[in-house]
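There are 4 protein chains.
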Amino acid sequence: MTAVVTDPAEAGAPLAAEAARFASFGWMRGTSGNLSVVTDRDPLRLAVTASGLDKSELTPADVVFVDGDGAPVDGGNPSAEAALHARVVRLTGAGAVVHVHTVASVAMARRHPQGIVLRDLEMLKGLGLPDHEQEVLLPVIANSQDMGVLGDRLEAAREPRVPAVVVAGHGLYVWGRDPRRARHHTEVVEWLLELELTV
Amino acid sequence: MTAVVTDPAEAGAPLAAEAARFASFGWMRGTSGNLSVVTDRDPLRLAVTASGLDKSELTPADVVFVDGDGAPVDGGNPSAEAALHARVVRLTGAGAVVHVHTVASVAMARRHPQGIVLRDLEMLKGLGLPDHEQEVLLPVIANSQDMGVLGDRLEAAREPRVPAVVVAGHGLYVWGRDPRRARHHTEVVEWLLELELTV
Amino acid sequence: MTAVVTDPAEAGAPLAAEAARFASFGWMRGTSGNLSVVTDRDPLRLAVTASGLDKSELTPADVVFVDGDGAPVDGGNPSAEAALHARVVRLTGAGAVVHVHTVASVAMARRHPQGIVLRDLEMLKGLGLPDHEQEVLLPVIANSQDMGVLGDRLEAAREPRVPAVVVAGHGLYVWGRDPRRARHHTEVVEWLLELELTV
Amino acid sequence: MTAVVTDPAEAGAPLAAEAARFASFGWMRGTSGNLSVVTDRDPLRLAVTASGLDKSELTPADVVFVDGDGAPVDGGNPSAEAALHARVVRLTGAGAVVHVHTVASVAMARRHPQGIVLRDLEMLKGLGLPDHEQEVLLPVIANSQDMGVLGDRLEAAREPRVPAVVVAGHGLYVWGRDPRRARHHTEVVEWLLELELTV
Numbered sequence: 001m002t003a004v005v006t007d008p009a010e011a012g013a014p015l016a017a018e019a020a021r022f023a024s025f026g027w028m029r030g031t032s033g034n035l036s037v038v039t040d041r042d043p044l045r046l047a048v049t050a051s052g053l054d055k056s057e058l059t060p061a062d063v064v065f066v067d068g069d070g071a072p073v074d075g076g077n078p079s080a081e082a083a084l085h086a087r088v089v090r091l092t093g094a095g096a097v098v099h100v101h102t103v104a105s106v107a108m109a110r111r112h113p114q115g116i117v118l119r120d121l122e123m124l125k126g127l128g129l130p131d132h133e134q135e136v137l138l139p140v141i142a143n144s145q146d147m148g149v150l151g152d153r154l155e156a157a158r159e160p161r162v163p164a165v166v167v168a169g170h171g172l173y174v175w176g177r178d179p180r181r182a183r184h185h186t187e188v189v190e191w192l193l194e195l196e197l198t199v
Numbered sequence: 001m002t003a004v005v006t007d008p009a010e011a012g013a014p015l016a017a018e019a020a021r022f023a024s025f026g027w028m029r030g031t032s033g034n035l036s037v038v039t040d041r042d043p044l045r046l047a048v049t050a051s052g053l054d055k056s057e058l059t060p061a062d063v064v065f066v067d068g069d070g071a072p073v074d075g076g077n078p079s080a081e082a083a084l085h086a087r088v089v090r091l092t093g094a095g096a097v098v099h100v101h102t103v104a105s106v107a108m109a110r111r112h113p114q115g116i117v118l119r120d121l122e123m124l125k126g127l128g129l130p131d132h133e134q135e136v137l138l139p140v141i142a143n144s145q146d147m148g149v150l151g152d153r154l155e156a157a158r159e160p161r162v163p164a165v166v167v168a169g170h171g172l173y174v175w176g177r178d179p180r181r182a183r184h185h186t187e188v189v190e191w192l193l194e195l196e197l198t199v
Numbered sequence: 001m002t003a004v005v006t007d008p009a010e011a012g013a014p015l016a017a018e019a020a021r022f023a024s025f026g027w028m029r030g031t032s033g034n035l036s037v038v039t040d041r042d043p044l045r046l047a048v049t050a051s052g053l054d055k056s057e058l059t060p061a062d063v064v065f066v067d068g069d070g071a072p073v074d075g076g077n078p079s080a081e082a083a084l085h086a087r088v089v090r091l092t093g094a095g096a097v098v099h100v101h102t103v104a105s106v107a108m109a110r111r112h113p114q115g116i117v118l119r120d121l122e123m124l125k126g127l128g129l130p131d132h133e134q135e136v137l138l139p140v141i142a143n144s145q146d147m148g149v150l151g152d153r154l155e156a157a158r159e160p161r162v163p164a165v166v167v168a169g170h171g172l173y174v175w176g177r178d179p180r181r182a183r184h185h186t187e188v189v190e191w192l193l194e195l196e197l198t199v
Numbered sequence: 001m002t003a004v005v006t007d008p009a010e011a012g013a014p015l016a017a018e019a020a021r022f023a024s025f026g027w028m029r030g031t032s033g034n035l036s037v038v039t040d041r042d043p044l045r046l047a048v049t050a051s052g053l054d055k056s057e058l059t060p061a062d063v064v065f066v067d068g069d070g071a072p073v074d075g076g077n078p079s080a081e082a083a084l085h086a087r088v089v090r091l092t093g094a095g096a097v098v099h100v101h102t103v104a105s106v107a108m109a110r111r112h113p114q115g116i117v118l119r120d121l122e123m124l125k126g127l128g129l130p131d132h133e134q135e136v137l138l139p140v141i142a143n144s145q146d147m148g149v150l151g152d153r154l155e156a157a158r159e160p161r162v163p164a165v166v167v168a169g170h171g172l173y174v175w176g177r178d179p180r181r182a183r184h185h186t187e188v189v190e191w192l193l194e195l196e197l198t199v
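Chains as they are written, first to last, in the numbering used here: chain A, 1 to 199; chain B, 1 to 199; chain C, 1 to 199; chain D, 1 to 199.
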């Protein structure tokens, strides 16, 4: 996955716009969730949405810059989850990461704590799977307050063909080459989860 | 909970904005629900949304000021429920109270009239619960047309760690330090109820 | 129910606004449903939304005037259902009638073709029921393409305390003193149906 | 079905508007789905939305022109599905085709792979069925990556009275005389599917 690097000065505006979109879907209730975009690869730098704010009301300034471990580089107080964003980027080469709290993801993880089988669904192409891939496992991992533990679980469980992992009792991590691609992957994963919940 | 006191002249605008937001979620159908914010602590004064109006169409003037018993202080005709808002404030020290009629809260209260257990859910942190709290009871109380009775039930049933109570056959009362915090608590409680209804 | 009479020249704008609102809720899919308001009582005249148009896109001119039998008074081609609007007005004294196609109403009518019992729900007050009324029947009538037959069924089945009837396989008729009151009654009835469908 | 032919220079704007509307309903998540309108009948020409773009963000320029086999006529890179749009037009005489990915259509197709019976529903009139038609089959066909195979299945399965086919594991194809009529048919079919899924 080739990463798109974003000018730090321009990182906040698209993150605020993406957050407002996801909030309008009800996927970032309260102050939940966070989004990130890679601004540099060497050394690794990410812009991450500031924590504790309403995701429907972010401004372009509501962003914190972190390094490859999720530690702040210009001050600021990033969410602990910034470390998981950075790890997803190191692991996958993604350029943007979306973390949202959707009802469907937590409901499906409770029903299928070992992972969610997705089969014979055209929508899988929206995750980049080729036409002939007819079955794939969307991994589910147990939640943890320790980002190192959570990252180890994500690394161990992830399915290389699928740019997403469900965290049980928590929500979704989804990634893509850039914020728009990460948005599309998020929308597709959520659609698939809502379908399987309905059937 | 430290209370934020709001200038009375500026109390109506945020209440109208919050009401329009909740109405857009379908949580204030008809003319249901009401919102309040503390404008003074000594003596206690609250601004409460005027009753009988469409909550998607309130103006900053559509507000009534009440005392610590919910009685009007400058004329006006507050909802009887203003007394319950005032009592929640006295009981909890909250600076803002949200009362909305959501389908999920009434449906879950019918299934669980003794209270709703919430367990192992990251979203609980959005109510201010610490990381290590893994289980909590969202209280459900029986409805009453007598605000004194309803307040006694709320006082007896409330869980100090949870800024919310479900009223069976009726809806949600949720509170927070200020209107935005009360909004976030409301969104989180409703998300949790929608999840448990889905699973 | 005291009727509010609307200036004919000003009847189209509120009907278009109400229709756009209901369409945004998904209650007027395709070109379904129609709204009306009384513009004169003696002789009876109603403004009814024009048929065959997208209810999210009506203009104030998209209105037809009909008499107490639903026949056009200034030309135009009203929906056959205009006759039922007029009959509801004659029967109830309402000043505005809402007819929408909601999924919840048709689903509930299929489950409960003899009528839907609503009990111990605060939201019933939003229909004008006094506090002490704890149970009421929302009537369900069989559908017909003959507006006379449908009107007879509505007249025979209607519950005087409830400003609404569900037509099986079809949708909701709801009324009120004016368009805003009819809107509130519609929102309340739909909320009650969504609740009972969920529980 | 008499076809409305659209000026090619003006084909993109309504397609972008229709796509934004369907995207707002959640029916075009990710970059899924595509819309088309006939711009010429002899030889057959269609404007089809460009593939790989977010359907909530199309501009009037995001359109590709194809011939009766779905091959591009002015360059551009149409979706393979353009061939199915063209075939629907040849088969039905429609002037506009909608292809959306709705959860309800895929869920209902999984429950009813042999087709979905719709009975005694007023909403069927929104598909153009006369009053006395009380039962109809909404066809479901198996999915395929080969547009020729998919088109053969659609041709073999389609019900002439119904301007829609569900593709299992995939989504909806719906058509009409012009984009607005195709929209209304799509809304009606989706409403019917959501109803049957709910009951």
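Hint data in this document are derived by calculation from the structure and do not stem from the laboratory. Heads up, some of the hints might be wrong.
Any copy will do: because identical chains look the same in the list, a pair fits if it lies in one copy or spans two.
[Claimed, not checked] Each computed EDC-like pair below joins lysine to aspartate or glutamate, with the alpha-carbon atoms no more than 20 Å apart:
| no. | residue 1 | residue 2 |
| --- | --- | --- |
| 1 | LYS125 | GLU159 |
| 2 | LYS125 | GLU155 |
| 3 | LYS125 | ASP40 |
| 4 | LYS125 | ASP69 |
| 5 | LYS125 | GLU194 |
| 6 | LYS125 | ASP152 |
| 7 | LYS125 | ASP54 |
Between LYS125 and ASP152, at a C-alpha cutoff of 20 Å, which is it: within one copy, between copies, both, or neither?
Neither way: LYS125 and ASP152 sit 27 Å apart in one copy and 23 Å across, limit 20 Å.
How do LYS125 and ASP40 come out at 20 Å by Cα distance, when the copy is not named: within, between, both, or neither?
neither (29 Å within a copy, 32 Å between copies)
20 Å Cα cut-off: does LYS125 pair with GLU155 within a copy, between copies, both or neither?
For LYS125 and GLU155, neither the intra-copy (23 Å) nor the inter-copy (25 Å) Cα distance is at most 20 Å.
From the Cα coordinates, with 20 Å as the cut-off, is the pair LYS125 and ASP69 best called within, between, both, or neither?
neither (32 Å within a copy, 23 Å between copies)
Indicate which option fits the pair LYS125, ASP54 if close means a Cα-Cα distance not exceeding 20 Å: within, between, both or neither.
between (32 Å within a copy, 15 Å between copies)
At 20 Å max between alpha carbons, let me know whether LYS125 reaches GLU159 within a copy, between copies, both or neither.
Answer is within; shortest intra-copy Cα gap is 15 Å, inter-copy 29 Å.
Reference check for the pair LYS125 and GLU194, CA-CA at most 20 Å: within, between, both, or neither?
within (17 Å within a copy, 24 Å between copies)
Hint compliance for this structure: hints 2, 3, 4 and 6 are not met, and every other hint is.
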